[in-house]
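Chemist: Residue-level listing of the chains:
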Amino acid sequence: MVVCVLIPRFQLTVAAGDREELLGQPAALAPEAGREQRVGEVSLAAEAFGVRAGMPLGEALARCPQLALVPPDPAGVADAWERLIVRLESIGAAVEPERAGLACFEAQGLVRLHGGTLDHVLAAARTALRTPARLGAGPSRFCALAAATRARARRPQVVLGDERAARDYLASLPVALLRGRAQTAALPEPLGRLGVETLGELAALPRAAVADRFGEPGLLAWELAQGRDGTLRPREVPERVEEELELPEAMSGVQLERALGLLVDRLLARRERRGRSLRAVVLAATLVEGGTWREQVPFREALADPLRMRLALAARLALLPAPAERLRLAAVRFGPVASDQRSLLEQAAAERKARLREGVRQARAAAGPDAALRVLAVDPDSRVPERRAVLTPFE
Amino acid sequence: MSASAIPRDGGSGGSVASARRHRLATPRRARVSADERDGRPRAVDGRLVDAVRESWLVEDRWWSEAPLRRRYWEVVTTCGRNVVVYHDLREGGWYRQR
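Those protein sequences? They're chains Z and E, same order as listed. Everything in the first sequence is counted per the numbering used here, starting at 4 for the first residue and increasing by one. Everything in the second sequence is counted per the numbering used here, starting at 105 for the first residue and increasing by one.
Extracted from the complex, chain Z is given alone in its bound form:
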């Protein structure tokens, strides 16, 4: 039995902070700077105007001119969500967080730990969360999500039984539920145009016809409507080491890079690191104009060299939409203990070449064989310009 914890409008609520009156009027999360211009989560009042999460900003404002745009707070959302996940894990649950505001866990192993019934597990989860959440339980993840969307704040909805029970439960529910899954989020609209309004109608369609029309997302939606879903993949409890720097005045450019250098040094000096290299870090900033900015940076290889970390991270600072008044660096994934054997002789050139080769290999893997080329002088003295040089694969 899978339990789903759903906190509707979690990101909007966190971003609104103590301005709770915003949630009572038409409001939406503003698009993040530098990202696609689409609104984030929307308030109930905005939904009444036909504004939906993911809608282009222009269309949302056309539908609701008085729509209040709340600056996004990705760093605050990540922190708040992490706190809730840790609370859920504190009852022994192996949690798979799907997105901020939506998480699932398997209840099977917890039943005996919490009084012998599913109701006790749900009660324990509610107590641990200490925040209003909708809880649903069902034989599959999608069924549990559907149950959670129909649950009330203090009354969980439980679908008992197997795959067939899940299919029967889902049959009368709208296909709009497919928006809850990233891979199938775009399907409800075309399904609606074809007259498929409920999951039961989707499940009744021939599998091959759905595959022909919608491809892989369609097949997944069809499987979900049948009451089947993939197994849970709980997260590994992350070890988080972080450093924060409050800047004396709003900073950008070179000054901010110096602050970043200081943070990198501090992070690497932390005892909890135990000599391990870092695979991924999160760089976050509180912006002077309000709101926050957050970027997860996975390194190409596990690093423990402050210089190379600074090089990799400084490029991300350029993406900051406004000067920062607080900068934070957190290690979220660790690599093996940094034990690169130093050579007796200086081999900087060979090392640079090896790194360049690795960079080229990764660029090709991401963007195809033509991603890295070099200029080869074929006939540099030719009087005809196009004969002088060609581009050839980088060796």
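It should be emphasised that the hints constitute simulated quantities derived from the structure, not laboratory data. Be aware that a few hints might be false.
Facing chain Z, from chain E, some residues (calculated, C-beta under 7 Å) [to be verified]:
(1) 127
(2) 129
(3) 156
(4) 159
(5) 168
(6) 201
C-beta: ideal position from N, C-alpha, C; glycine also.
Got chain Z sorted already, so can you dock chain E onto it with the hints?
Modeler: For chain E alone, coordinates are given in the frame of chain Z:
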């Protein structure tokens, strides 16, 4: 590598496109209005020519079946841009090349 084999604007086909992508300084078609008397460009791609810096003639591969005769002009347009164009003296037409 033959210069006459270089595809010009409007060329098509996968291998041609690939060859074009890997070659540098390939000529591109240009809209040039020239003086009828001496062939000196007066406007390049809608920009008037302010000055002619240099002109030279390239004759190559005259021994082959794809000979090449081009009159090159290095000009400065009114927007201050330095442009090199040539007139194909065998097949006609103007091209921009850098």
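Chemist: A separate judgement is required for each hint: does it hold in the structure or not?
Modeler: Hints and how they fare:
1. 127: The hint holds - residue 127 of chain E has a Cβ within 7 Å of chain Z, the shortest such distance being about 5 Å.
2. 129: 4 Å, holds
3. 156: With Cβ-Cβ at 19 Å, over 7 Å, it is violated.
4. 159: Violated - the Cβ of residue 159 of chain E stays beyond 7 Å from chain Z, reaching only about 14 Å at its closest.
5. 168: Result: violated, 13 Å to nearest chain Z Cβ.
6. 201: 5 Å, holds
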